Every structure is written in structure tokens, then in C-alpha cells.
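S.K.: The lines below spell out each chain.
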Amino acid sequence: MSINLSVQSVLDSIESAQKNDIVPDQEFVLQGSVMDLSVSVLLSRLRGLCDNADSLPETFHDQEICFILKDFSNPGAVGPGTGGVMLRVRKALDHPELPWQLRYTGQPEVGNRPALLRNCLDVPVSSNICDFLHELGAKVDHEYVSKGYIMRKGRIKVTVFKIFKVGGKEVQEGVTKSHVVELSALTTRVDEAIATDLRIVADQLKPLVNLQNLDYRRL
Amino acid sequence: MGVTVLQTFPDAFRYGYKEVEKLHTRIAHLGAQPNGVFQVDCDTYYMNQQNSQFNDIPGSGSTVNKKLHILHNTETPASTYAIIESPGKQVTLCADLMFDLLLPRLSHMYTAKKNLKVETKGTRFTVSDFIVKIGSVSMSSGQYKGILVEVEYLACSVPALCWPILREFLQSFMGFCVSSQPPPYLQARFQQVQGPQDTMQQYLEKFNEFRESSAYPVTGSLSASQPGTTSTSTPS
Amino acid sequence: MTDIRLEVASENAISEIHYDGHEVRQPPLSMSEQLSQFARRIDFSAVENGGSDEPGGKTGEDAESMEDDEEEEKPCQQPHWPLESVRNKIRNAHTEICVLHDLLQMVKEKKYLVLDLVQTPQPQPKLYIQFLSLKKSLSNASGILMQGAERIRSSQSSIARPSSDFHLDLLRLRKNWKLKKVAANIVGDLSYSAVGSNFKHNSFFEVTKSDDDVTLTTPLSALPGSSPSIGRSSLRVTVPPELEGSAYIFVCIRKDEEDLCSAQLNMLDGLATLNAQPNMSPSTEHWQQKLENAQNVLFCKELFSQLAREAVALRMDIPPLVVANQIAATIFPGIHLLIALCHSHPDSSRSRSSLTAPHNVLSNGTINELGSSSTTASSNTSTDHHSSSSLGGGVSSLKNLHDKVLEHSLHQLFHSYLKSSSPMPHPVYAPLHAHPTRRVAGPQGLDRQQLMQTVTHETLLEQIIKEAQHNFLRLRTMFVIDQLAKELKDPLIFSHWNLFNSPTQSCVRINIVTQGFDSVIRTTLVVQVFERSLRCVCRDGRVMTLSFEPQELLNLLRCQVAQHQTAAVQSFSKLMGWTVNCSEPCLGVGSAEPLGSASAVVLTSPAGNKQILVRSGPCTGVSVSVAAAPRNDFYPSAVVHERRWDQLPGAWQEVRLDSMEGRNFLAKIELLMAALTAQN
Chain A
1 MSINLSVQSV LDSIESAQKN DIVPDQEFVL QGSVMDLSVS VLLSRLRGLC DNADSLPETF
61 HDQEICFILK DFSNPGAVGP GTGGVMLRVR KALDHPELPW QLRYTGQPEV GNRPALLRNC
121 LDVPVSSNIC DFLHELGAKV DHEYVSKGYI MRKGRIKVTV FKIFKVGGKE VQEGVTKSHV
181 VELSALTTRV DEAIATDLRI VADQLKPLVN LQNLDYRRL
Chain B
1 MGVTVLQTFP DAFRYGYKEV EKLHTRIAHL GAQPNGVFQV DCDTYYMNQQ NSQFNDIPGS
61 GSTVNKKLHI LHNTETPAST YAIIESPGKQ VTLCADLMFD LLLPRLSHMY TAKKNLKVET
121 KGTRFTVSDF IVKIGSVSMS SGQYKGILVE VEYLACSVPA LCWPILREFL QSFMGFCVSS
181 QPPPYLQARF QQVQGPQDTM QQYLEKFNEF RESSAYPVTG SLSASQPGTT STSTPS
Chain C
1 MTDIRLEVAS ENAISEIHYD GHEVRQPPLS MSEQLSQFAR RIDFSAVENG GSDEPGGKTG
61 EDAESMEDDE EEEKPCQQPH WPLESVRNKI RNAHTEICVL HDLLQMVKEK KYLVLDLVQT
121 PQPQPKLYIQ FLSLKKSLSN ASGILMQGAE RIRSSQSSIA RPSSDFHLDL LRLRKNWKLK
181 KVAANIVGDL SYSAVGSNFK HNSFFEVTKS DDDVTLTTPL SALPGSSPSI GRSSLRVTVP
241 PELEGSAYIF VCIRKDEEDL CSAQLNMLDG LATLNAQPNM SPSTEHWQQK LENAQNVLFC
301 KELFSQLARE AVALRMDIPP LVVANQIAAT IFPGIHLLIA LCHSHPDSSR SRSSLTAPHN
361 VLSNGTINEL GSSSTTASSN TSTDHHSSSS LGGGVSSLKN LHDKVLEHSL HQLFHSYLKS
421 SSPMPHPVYA PLHAHPTRRV AGPQGLDRQQ LMQTVTHETL LEQIIKEAQH NFLRLRTMFV
481 IDQLAKELKD PLIFSHWNLF NSPTQSCVRI NIVTQGFDSV IRTTLVVQVF ERSLRCVCRD
541 GRVMTLSFEP QELLNLLRCQ VAQHQTAAVQ SFSKLMGWTV NCSEPCLGVG SAEPLGSASA
601 VVLTSPAGNK QILVRSGPCT GVSVSVAAAP RNDFYPSAVV HERRWDQLPG AWQEVRLDSM
661 EGRNFLAKIE LLMAALTAQN
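Protein chains in written order, with the UniProt record's numbering: chain A, 1 to 219; chain B, 1 to 236; chain C, 1 to 680.
Misleading hints may appear alongside valid ones.
What the hints assert, rightly or not - List time: in silico DMTMM-like cross-link candidates among lysine to aspartate or glutamate, alpha-carbon distance up to 25 Å:
| hint | chain 1 | residue 1 | chain 2 | residue 2 |
| --- | --- | --- | --- | --- |
| 1 | A | 147 | A | 182 |
| 2 | C | 255 | C | 407 |
| 3 | C | 200 | A | 51 |
| 4 | C | 178 | A | 58 |
| 5 | C | 301 | A | 51 |
| 6 | C | 180 | A | 197 |
| 7 | B | 114 | A | 71 |
| 8 | C | 404 | C | 259 |
| 9 | C | 180 | A | 51 |
| 10 | C | 200 | A | 182 |
| 11 | B | 113 | A | 203 |
| 12 | B | 89 | A | 182 |
| 13 | B | 113 | B | 21 |
| 14 | C | 178 | A | 203 |
| 15 | C | 175 | A | 51 |
| 16 | B | 89 | A | 197 |
| 17 | B | 121 | C | 259 |
| 18 | C | 486 | C | 552 |
| 19 | C | 668 | C | 447 |
| 20 | C | 178 | C | 189 |
| 21 | B | 22 | B | 129 |
Quick caveat, the hints were computed from the structure, so don't treat them as lab data.
Just so it is clear, the structure is predicted and the values come from calculations on it, not from any experiment.
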């Protein structure tokens, strides 16, 4: 993080940063799923692989609300331009003091890569983001709660989590009987070396979980 | 974060630099030390015309011409302030600087009006617990608009508790262009703790006033640009 | 069998080629010619040989076939007519069949001829040879069985002794170390990358199976963390040569040429393990210890490189100097902090070369002694390395140079260096490696100053320098107080140290009392020792901040002692019934003190006719003067109508305190007061 002490405009600095390809706005992702019963086995394997093996993996409990920002008045218009933008808002239920996160993820990029590459922007925002997005003209698409474990290995973020329905009830209901396993790494536009690392880690988990380069467009 | 008051310094004859110099010498007599420079800029995005004309946005229930203001302040270099403005309502979002990168993704809904970009630039002074920023406002075209003076009193966060001392300080170097009544924005939040976004909302309010006074051929909808927050008190 | 080609040759054989290349071919054969050609190819000898099964008839047939062969071997000899040989053969066969038929008929009737088995004489079996061969094959079989039994026994014995099993050892190794399989080799990693280190150094070791079955007598009682029953290991680890040996970081504070205190640190627990098995050659070292040693070397190297990097970047008034394996920083004028990396290789020739580096710069025997002790294990622990260090020439020579407190706090510092890593992001969308403050900076609108705090953090070297400064300042403060306490006998100075609360702060409480009168008065002050300054809180609530110069503290203490004397006299006078006429903590009259100011108190006896003046200066010491009113009787007059106005004292006379009886000043004052009161 650099702090420009000159009076150069803040906007200028981020624009130049973007031009120089130093903004980490690309994300490599590999995803897979594992049955609930085998999660403990996977976790112990991951503990061996990831950093800080001496401590237990940290848990997280997040709520995610997905908004779609598009021209709702014009439902007939179908096409890539009118598909709207999906904006995900996430808050940590276990850390209410921390800022919320607004995330934009783009379409997966075409090309044969070891991992799925997509444009990705994470913006920490204040907690009135839902109000703001609503005012901006976005509509809530869906929301869910994800609960699980987060670990890291170097630049790679490893999350193992289960998706729950949002409900007022105390007992939350899982959507499926399995956990999602996700390896992701943020990178810049020019640096793609991390994708191979991602693949190597995924291969080391091979008998337990098969992490794949999932293409959502086919689903 | 203290209480911030934003005050327009009248410059009817458009002396510009001379008036700023005058303020500098006056504030220097109060023992102010120049302490760097500052800049606040504001970009405005309009909801795309073809959408807004035929459209009533669900929730607000009225045909509106929404504006999205993106502000930056060099005092808080990691933040972007996004203020969405529709008649009767204003939502201020404090976000990370990364928010700027998100704006191109919203281009199908909101487009920027580049010639409406406003910024104020100037010198920052410290006088013990006060921070004074004297900036000259100009459009992106370079057209000079006026002088804005920001005074922040660091020792207090609630306007009701420190307005008298702020007023006295403001009047001590700006004279009687400062009214004895607090500005409407502060009056609306007289008992509330102030944060960085309050400063930015005041800047937006002043910027809108400057734009209004300009001879730009802006659509009539700009008349609604007075930030109609919940308070309806008359401007002093 | 002769294979008979059934297809007709595509072309006729060439009989002649003219010079012009024209080929003259043979005319095609007629049917009979072809038949005879084929018949000539029939090899009856093979049929005769294969068909004969009686040994008796074989000889005749052999002779016939020999004849046939002879016939066939003479291709030039043309037969009389084409199928002559065929006819001969068939006729022979016919004769034989007739004979056989007759024979069989005769045998069948059993009247004239009986077939009987021909008895051939059997050779006499040789029992001896049979016995020999039997013996030989039995011994072969037993050998095979013995080999198998041996194999089973060895495998069972290796299960009984798990230490020599490669795989069990590997399992044990895997519990503590990171291993992975690369092709056919097993490679482990010694680096601290799992806890956030990014030191680029070759940290891989290779695990191989040790092929020598000779039991190595390895003393293993001192192995930390491994089971003590291991006699020998079938594992062999190969560490990079630059990580062999032992290493430690040597930290010392030096004034001019003498060490004030020093500390050594490494990952292993103390130097005892370092010196435990000095004579062991690297091949006999157990893998656990070998790996721990190698990791320790890696740790020291990483630490030193980090410190050197910080030293280059550090901005101080006198920037730290990095030379080879040494960092020298000036912490106070004339006081240096030295941090050196000492790495000794197991073979002594290399250890010399690597250990000479520190002490040719230090030019002091201490390092040399330390270094050689770690390699040759002459004298073991570090407690031997005290020398008669003196600070200004008088510190007790028994003071241990090796500062365990400094060493401990440095240990904590270095270990926390590896532990530091940014917390996990919440919600998980947040970027992984950002500073936690940076994550909240945007939404909370942190200003520039707050943001700067997140990027500027205290480097390791800065913290070490601070601790060293504090350590040194504490030592010097201790010395100053002790020195003064030794020098001054009259008011006694006690100091109570409170050291173990913080590595950069300590606190001393100083009590000044007079022996035998400590219930009368006690002057207390508290001195807080920081990195570069001292803060003194006096009894009356005054707070003074002193610099690191020892003279300032000394002056303060002397002033306190001087004030203690007058205060003691004052409070003692109450017990004796004397009244305080006036007391002045800062005396404006009399000869000026070189430092501070003298204090004085004037006392009057209960009768009012005697007066005592006590003057106490920080440098000049205490002087006592006595004055007495000239008369004992009083007659009121018109002018003087009260007794006290009559008793104006005469000239002051100085008391020679040193010739008075009494253990200390207050005892002498007591005696003096008693004497003066008694004169009434």
C-alpha cells in the first residue's frame, strides 16, 4: 500500500495504478464439493498443506445478499448488454464490527488455463450498502448464509463452507448435504503464475476432493 | 474526527487568487501553520436518459432522475464516497478506493457527465485544535467558481457542543459572512456525532450550489439538486 | 516333409541372355515333364526315417536311404525313365509290407514264433555315488531353507527393534518435519515458510535409507523430543552443507573495548544443547538432532539477514554499520550494540575461518572464547564467560557478563518475528494479505495519519536497539545508585528494583534513611528507567525527566540526600521538643554550591535560649552551628516585656561534627540537642 503524499488527485492515482496493471482485480478459482462426512478428513489434510499448521483453521460465518442491477423496466430486452450486473454484498455475522464487502465478479474468461480466471473486484463498504444499492436501482436476487473454515497457503485462500438458507429460525437448514471447497487467489492482469500453484494444491487434495475449473455458463 | 463546518467565502468580483491570499494572511495572524495541501473532487453520474424517462424505479415509486456523485478527499486517501441523490432522499456510502474500479461496470445504468466535475484545491492550515482548509473551487474546464473554507474542530464530535467556538473562530478571520446560525446541514444533525461522510455531504451541497450558479446549460432537473435532506430549514 | 509348390511359376526360367539383353526363356514344360520334376523332388528318405520304429529294420532301411541319398546327391546321373526312383521306393515298401504281414501272421498263430522281451544286462548300481548325490541335493535344499529362515528371522528382529526400520523412522520423521516425495527421493523442508517466513535459502534436506548395517553407537540420551531408546537409525538425512554445524546470534553491548553485557541466542534451548555432543562427527549424528541443528542455522541466518536488511534501511543519527556478519549500532555516545552471526562448521578448519570474523573486529577475547567453546567444548556453559568488566572503574568484578534477562527478551522478540502474520479476512471476500487497518480504512474514512500508522511499524532491529538501550541504561542506573550508596555512609540508600515487567521499562524505588532513625524520616523517590531517559518521581510529587547521562541522576540523588538531612533534623526536632524557626530548602545565602542548592534549618531549644543551624549542601555536606542567648535569667522591662525578645542569640559557632560522638549525623544532632537542652 502506498500513500501518495503529494496533492495528486486520489482518482488519478488509482487510474494510473490500473493502467500499470498493479491492481489485483483478477481472480483464479477452483471449486469442488465434498460430502459433510468427509469434511473432517479434508480439513486435516488442508491443515497439513496450509500455513499455520499448528493452529486450528479459523471459522467464518458470513451472510451474502446478491443484488442485480439492471434495467427492470425493459424486461423484453435480452442480450449481453441488458443482462445486468450482479453485485454481492457480504457481511461477517461473527464480526459485526468489520466493514461489509461489496463484490463484483465478471464472466469467466475464455482460454485454457489451469484454473478459472475471472474479473473480480472487492470493495470494503459501509453498512448502508443495501440501502445504497436499492436506491441505485438494484433488486435483491437471492441471499444465503455460508459457514465454514478459511485457511491460507501463501497467496492462496482456501475456504471450506456449507451454504445455509436464510431464515429467522434458530436452526438453520443446509441447502445440500455437502460442503463447498474453494481455492482462490487474487492476482493482477499480467501475473498468471499463481494459477499453476493453485492447480498443484488442488492436485494434492485429489483423492479427497476433485477441484475443477467450473464453467458456470454451461450450468 | 471532529466537527467540520464548510463556509463559502463571498467573492463577488471574482478576484480569485487575491481573495485567497487575503484569507491566508488573515489566518496567519491567528498563528496558523501551513500544513500541506488538499483537494476534494466530485464526479457526477446520471442515470441513463432512456431508462429514467419511462421508468419508475420500484421502491421509490416515482419517475426520478437519479444522480450518483462520486467524491474523493485527499484527507481520507483510502476512501471513495458515493452519494446517490434522488428527490427527498440521499444515501451516502463510504467505500474503499476500489469502488472507483466498479463504476465502469455500472455504465449500463449510469454515465458520467465529465463537464460537471468540480473540485476544490488549496492549502491546509493548523491552528492548535482547528484545521483550516482554504480552497478555490473550479470546474473541470478550469473555470473558477469561488472560495470554500473548511474548518474542522478536532476536540469535539458533536456540533451542538462546539458551535459557539466554531462560529467565533470562523468570524475571526472571515468576518460577517458567517452567520450566527449554524448551517442547515449541521442544524439537522446538531446532536449527532459527525463522521467523515458528513464532511463530504457538506462539500456536495456546496458544489451543487456552485454548479447551480453557473451558466451551464444543464437540464432543468438540476433545480432539485439542493440536497433535500430531512431538514427543511432555510439556508442562511 | 518337402513342401511342394502347387502354383505354377509365373514365368519360365531363363535359359540364355543375349548380349543385347534379350532373354531366351525355356519352353514350358509338358505335363509329364512336370510330373517327373515333382516326383524327383519327393524325398522318401525322410519318410523312411520317420516311419521306421523297429530298431531291427532300421539298419537296412538306413542303408537303403543312404543309397537313395547317394542317388539324389548325383543330380547329373539321369534316371532311366522319369519315375524310376518312385517305382523303386514303392517296390521296396511293398516288399517290406509283405514281410511284415507274414511276420505278423506267424506271431498271431503263436505256433512257430513267440515275441519276447529282450533282456539287456542292467549296469550294477553304484550306491556310493547315489549317496553322494543325495547328500548334495539335500544340502542344497537345506541351504535354501536356511536362507529363507534367515530372511524371516531378520525381518522379525527388525520389527522387534523398530528403531532400525526405515519406514517406522520415516513415519516418526514425518510427524515433526515436512516431507514430500520428488521422483524417487524423499525431500524435506526445514524452512519457516509455514509460519510466514519468506527467506530464500536452500532449506531442503534429503532422506535416504542408510545402507550400512553396522550398528552405530550413537549416544542419544540428550536428544530433545525424540524417543530415547533409539540405538541406530536406518534413516539418513542429508542437509545442505551450508546448514551444517551450529550457529547462534551473539548480541553484546560494548563500551570502548569492553563488553558490558552479552547474550547468545538460537532456536535450540540454550547453549547446552549446542555443546552437548561436540565430538560427534556429522555422520553419526542422529537425524532428529541433525535436522534441529540445521534448522537452527537456518533460523540464525534468516534472522541475521532480516536484521541486516533493517540496519541498512534504519535511519538513526549514527546509522548502523553492517560489515560481513556483524551489525554495529551506536546506542549511546561511546556505547555500541553488536550483533554478530556465529556459525561454526563441524570440521574445525572451517570453524576457525568462520569464527574469526567476529573477533577480528571485536578484538576481544570473549567472542573467541565463546566461539571455541561451542566447537571444541572446552568449557561448557556460558556462565564461564564473565570478565572483570568495569563501568567507570569500579563495578564488582563478579558481575556476570552474560545477561539472561536481555537474552530472554531478545528470544521473545525473535520468536514473535516469525509468528507475525495478518489475521484472516472477514467476511471472506476481503483480500487475504491486507493489513487489518487497511481493510477498514475506506469505509471508516481514516485520514492520512492513521493510515501511515499502519504502514510504519517498528522493525526488529529498532526493538532490539531499544531493548539494548534500556538494558544498558538500567545497568548504568544501577551502577550509579550502588556507587553512591557505597560512597555515602551516613544516610543509607536502599534501592528496590522491579525489573521483570517490560523489556523496555523498569522501575527502581530508592529509600534514603538514617540508620537507627528510619522511623523518624524516610525519603523515597521512584526512578523509572526507559530507553533513553529516566523519570524521577520525588516524595513531594515533583516529576523530573532526566537524560541518559549518569551525572544527572547522581546530582539528583545528592540533592535528595542533602534535603533528606535537613528534613530529618526538622522532623527529629519535633520529637525533641525543639521548634523550627525557619527552614529553607533552597538557600540563597552563603557560598554557592557547585550544583543544586543548599538547604538549611534553624531550630530553637524548648527553653528558647539555644539555637542550632543546620546547613546541608549536595557537595559541601552538612555543617552545624550553635548559638546561645547570653543570659539565663530574664527581667521584664519597659522595652523588652517578654522573655523571648530578650534571648537574642549571639554569634554562631560551628560544631565540629566529626569529633563528636555518634554513629551518624542524626545521632550527633540528638546528642547536641540533648546537651543544649540540658544546659538550662
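S.K.: Sort out whether residue 58/A lies within 25 Å of residue 178/C, counting only the CA atoms.
M.R.: 22 Å, holds
S.K.: Within 25 Å, alpha carbon to alpha carbon, are residue 301/C and residue 51/A?
M.R.: Given that 25 Å is the threshold and the Cα spacing comes to 21 Å, the pair holds.
S.K.: Is the straight-line distance between the alpha-carbon of residue 200/C and that of residue 182/A 25 Å or less?
M.R.: Roughly 29 Å between the alpha carbons, so the hint for residue 200/C and residue 182/A is violated.
S.K.: Do the alpha carbons of residue 175/C and residue 51/A lie within 25 Å of each other, as the hint requires?
M.R.: 16 Å, holds
S.K.: Do the alpha carbons of residue 121/B and residue 259/C lie within 25 Å of each other, as the hint requires?
M.R.: 58 Å, violated
S.K.: For the pair supplied as a hint, residue 22/B and residue 129/B, is the alpha-carbon distance within the 25 Å limit?
M.R.: 22 Å, holds
S.K.: Does residue 259/C lie within 25 Å of residue 404/C when you go C-alpha to C-alpha?
M.R.: Holds, at about 15 Å.
S.K.: Quickly compare the C-alpha distance for residue 180/C and residue 197/A to 25 Å and report which way the hint goes.
M.R.: 16 Å, holds
S.K.: Measure nothing beyond the straight line between the CA atoms of residue 180/C and residue 51/A; if it is 25 Å or shorter, mark the hint as holding.
M.R.: 16 Å, holds
S.K.: With a cut-off of 25 Å on the C-alpha distance, tell me whether residue 113/B and residue 21/B pass.
M.R.: 32 Å, violated
S.K.: Within 25 Å, alpha carbon to alpha carbon, are residue 114/B and residue 71/A?
M.R.: 23 Å, holds
S.K.: Given the hinted pair residue 147/A and residue 182/A, is their alpha-carbon gap at most 25 Å?
M.R.: 13 Å, holds
Against the hints set out earlier in the document, violations occur for numbers 10, 11, 12, 13, 16, 17 and 19.
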